Amino acid sequence: GAVVSQHPSRVICKSGTSVKIECRSLDFQATTMFWYRQFPKQSLMLMATSNEGSKATYEQGVEKDKFLINHASLTLSTLTVTSAHPEDSSFYICSTPLGETQYFGPGTRLLVL
Amino acid sequence: AQSVTQLGSHVSVSEGALVLLRCNYSSSVPPYLFWYVQYPNQGLQLLLKYTSAATLVKGINGFEAEFKKSETSFHLTKPSAHMSDAAEYFCAVNADFGNEKLTFGTGTRLTIIP
Numbered sequence: 001g002a003v004v005s006q007h008p009s010r011v012i013c014k015s016g017t018s019v020k021i022e023c024r025s026l027d028f029q030a031t032t033m034f035w036y037r038q039f040p041k042q043s044l045m046l047m048a049t050s051n052e053g054s055k056a057t058y059e060q061g062v063e064k065d066k067f068l069i070n071h072a073s074l075t076l077s078t079l080t081v082t083s084a085h086p087e088d089s090s091f092y093i094c095s096t097p098l099g100e101t102q103y104f105g106p107g108t109r110l111l112v113l
Numbered sequence: 001a002q003s004v005t006q007l008g009s010h011v012s013v014s015e016g017a018l019v020l021l022r023c024n025y026s027s028s029v030p031p032y033l034f035w036y037v038q039y040p041n042q043g044l045q046l047l048l049k050y051t052s053a054a055t056l057v058k059g060i061n062g063f064e065a066e067f068k069k070s071e072t073s074f075h076l077t078k079p080s081a082h083m084s085d086a087a088e089y090f091c092a093v094n095a096d097f098g099n100e101k102l103t104f105g106t107g108t109r110l111t112i113i114p
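These protein sequences, in sequence, are chains G and Z.
Using the working numbering, the first residue of the first sequence is number 1, and each one after it goes up by one.
Using the working numbering, the first residue of the second sequence is number 1, and each one after it goes up by one.
These aren't lab readings, by the way, just hints derived from the structure by calculation.
Possibly wrong hints are sitting among the right ones.
The list that follows gives simulated cross-link-like pairs (lysine-lysine, DSS-like), each with its CA atoms no further than 25 Å apart [claimed, not checked]: (1) G/Lys20 x Z/Lys101; (2) Z/Lys49 x G/Lys41; (3) G/Lys66 x G/Lys14; (4) G/Lys66 x Z/Lys101.
None of the values given here were measured: they were computed from a predicted structure.
Between the sequences and the hints, there should be enough to build the whole structure, so can you do that?
Given below as structure tokens:
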């Protein structure tokens, strides 16, 4: 089946720094990419939807200036957590639809110290 | 508005026993419903989906789920658990057709006892 990769799988950073997470679709084009965040023992919460070549659409309560999303090509979408703080520590997952099925990346665990 | 409730954050069953993972949904329109499985350090994998056709849906790895509108449920079952079934399971709903957004439950961690 379709494969989506994420990099890095886990990252530890200092408070105030920025972290970039990459999500790539392998062997297929991803026009749309969804970015989710999952806190411990909670649901995956949709943060934003990115479409190749256009601005991302953010869910209510998600700061677009803090979570920068770039979808410059049909195989790559990036999420940058700017000026990260400990409360941003979470599990970030991307997914993209192909036909009726959504394919998920393996996730990136972010820990902000 | 749509939401999903998964009863039981942890479920343990013996190998060979019945697996039952519960999911109830809330939706103002007939929804599409999904079960995903997540193995350690891997992405979510689709187990099965309900898209308003047959109410009993069969998925991969011997899992199936039944859509019951009267109970607003979409419970996941497998007759005989295998050690390889140990994973995190997520129920999800999509009632916002056209943009493919999913709303997830909190997940159920399934442990198989040898």
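Each hint tested on the structure:
Taking the CA atoms of G/Lys20 and Z/Lys101, the gap is about 23 Å. The hint holds against a cut of 25 Å. Between Z/Lys49 and G/Lys41 the alpha-carbon distance is near 24 Å, which keeps this suggested pair within the 25 Å criterion. Simply put, G/Lys66 and G/Lys14 have alpha-carbon atoms about 16 Å apart, close enough for the 25 Å limit, and the pair holds. Annotation: proposed proximity of G/Lys66 to Z/Lys101 holds, straight-line Cα distance about 22 Å (limit 25 Å).
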